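Residue numbers (the numbering used here), protein chains in the order written: chain A, 1 to 275; chain D, 276 to 653.
It is possible that part of the hints are untrue.
[Said to hold, decoys possible] Each computed BS3-like pair below joins lysine-lysine, with the alpha-carbon atoms no more than 30 Å apart: (1) D:Lys455 <-> D:Lys285; (2) A:Lys84 <-> D:Lys381; (3) A:Lys168 <-> D:Lys564; (4) A:Lys135 <-> A:Lys84; (5) D:Lys389 <-> A:Lys168.
Hints in this document: simulated from the structure, not taken from any laboratory.
Keep in mind it's a predicted model, so treat the numbers as computed, not measured.
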Amino acid sequence: MNKKSFGSRLVAAPYIVWSAIFIIVPLILMIYFAFTDTDGGFTFANISEIGKYKTAFLISIVYAAAATVITLILAYPMAYFMTKLKISSQRMLMLIVMIPMWMNFLIRTYSWITILSNTGLINSFLGKLGIGPLKLMYNPGAVILGMVYDFIPYMILPIYSVMSKLDKSLLEAAEDLGSNAFTKFRRVIFPLTRPGIISGITMVFVPSVSTFYISQKLGGNKTMLIGDAIEYLFNLGPDYYNVASAISLLLMCIILVCLFIMNRFSDEDDGGVIV
Amino acid sequence: MNRENIVELKDISVAFDGEKILDGFSLDIKDKEFITLLGPSGCGKTTTLRLIAGFLVPDEGDVIFDGKRINDVPAYKRQVNTIFQRYALFPHLNVYENIAFGLRIKKLPEKEIKEKVNEMLSLVNLTGLEKRNVETLSGGQQQRVAIARAIANRPRVLLLDEPLAALDLKLRKDMQKELKKIQEQLEITFIFVTHDQEEALTMSDRVVVMDGGKIQQVGTPQDIYNEPQNAFVADFIGESNIVDGKMIRDFYVEFSGQRFECLDKGFSPNEQVDVVVRPEDVDIVEPEKGMLKGTVTSVSFLGVHYEIIVDIGGFKWMIQTTDEHGEGEEVGLFIEPDAIHIMKKSQYSGLYGDYSSYSEEIDLLSDADYVEEEASVE
């Protein structure tokens, strides 16, 4: 017994060391900075500073929520559609979903500027038709679009993987017992794919709420998201590390609360509650 | 239109990827009968069930239900319910909600649902388990939930797709009796699919033996066993020795170089026929008293009886006897006229009924494969 547990400890050791150095220690540092002043003395000043950034917090959450809802609305039917295809077509489509993820995140976001800007693809096309130029960039819509574009694969993947494992005979059983297409979806497909939806939502919401690059490039300077605020403060130099840490800490807490609420939904036994 | 028939299949053909699964298939199913579709994997029996359930539309032919053509009626509108091979219970619902599934779709009042579910639970002996997660139930219990869920809707016809294949032998025997009891109690039509001939004979009012997408024979279990129509049926149902023979005239047949009295007639004089003799109908006697003479080549003890293989002029006969015989022993065979059954020659002649390559193990192995093969066909 001892030998075995020693063996398994040995296998886990590299990761434990890794997480100690790169997860636990930074976390402690962040908490330390959040509750100290520049001289290292304990203070709540940083926490009360956060009040200045409450609009950034609010906008971040609203934008991230909007982006998450839109990705879900796009990705769920997409994943459903994919499972209906031949295996070879499914692989092909999955590849197409994945390819953008192999491209650099900055490039992906940047390319939207060349599409949306006043001299960009869309406006030069519209210009030829005598319309515009339309103001497509530097507004909330462009930021949310960027989030949706960048993070949609993280929604499609988990939903698709749950949906493709769905036992076809369950769907037949539902039809057999009198369900039309809608009831079949509501009473069987949706509740059984909910774990995929939950992890998709988590994987899109978390990076969306803390992103900074997308809003800077596509939102201009008008919208400051909480990620931008953190980046801005860190760029100002060591004097601002403490406030930035406090904001990061609060952001983490908010994400944790969101995940907790989410998990409450996935534990729910009865499918009828959410629908 | 015959009102006695609840389901009629007329000239149905179904092909998948150019391969014919059902070929000009016609069958009438009477109201309230227990009918079994029996055949080896790939014979089209599950496909037939799926046609009736509404999961499949025939390429040609009609599916008639209660006098009406229902080819285009979707599954959810048919008064038919299915018990699936692997039960297909909803993992996100407990026992109670699984059984209530169809009733909730009908939007019955909660009180009525409760009454019906409780009635179903006691019918299948699951009272007290309503709150249980279906995935924590044993195979037998899951089977019962599947039965309760399917009959809670009070279908006119219940389709059962190899429902007992996953259960062990003892449980399977119990469930056979119970299903039969439920069928009689509810007075609904059961259409049962199996590859297990014993199960088919035990439970059914009528058996449909299928092979290659065609019906080989339809009849009562007794008909099928005692009067098989061709070598396929004779071999598939029970054990059979099938030898080449010649009908000399009515009630008189020649095989294995001897002439025998029999009870069959209606063949042309000197017509070539297949002769079936069941292993349990042969008596072993002293070599000089026998109608046929041969050497015992193998003996296996099966508990109730011995199964011995006797070589008669190069053809291996299987005989079941309660007496012990040694390998290499000379024996005589005595066959009564009523033990001989004559069949017309068919495409199956010469393919079955010789025990030269017989081995108990191979038989068992190929049996076990059926379930998986059937699944991959679906």
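Verification of the hints:
1. A distance of roughly 28 Å separates the Cα atoms of D:Lys455 and D:Lys285; the hinted pair therefore holds under the 30 Å criterion.
2. Of the pairs offered as hints, the one joining A:Lys84 and D:Lys381 holds, with about 28 Å between alpha carbons and a cut-off of 30 Å not exceeded.
3. Our distance criterion of 30 Å between C-alpha atoms is broken by A:Lys168 and D:Lys564, whose separation comes to about 63 Å.
4. Straight-line distance between C-alpha atoms of A:Lys135 and A:Lys84 comes to about 39 Å, which puts the hinted pair past the 30 Å bound.
5. Annotation: proposed proximity of D:Lys389 to A:Lys168 holds, straight-line Cα distance about 28 Å (limit 30 Å).
Consistency note: the structure conflicts with the earlier hints numbered 3 and 4.
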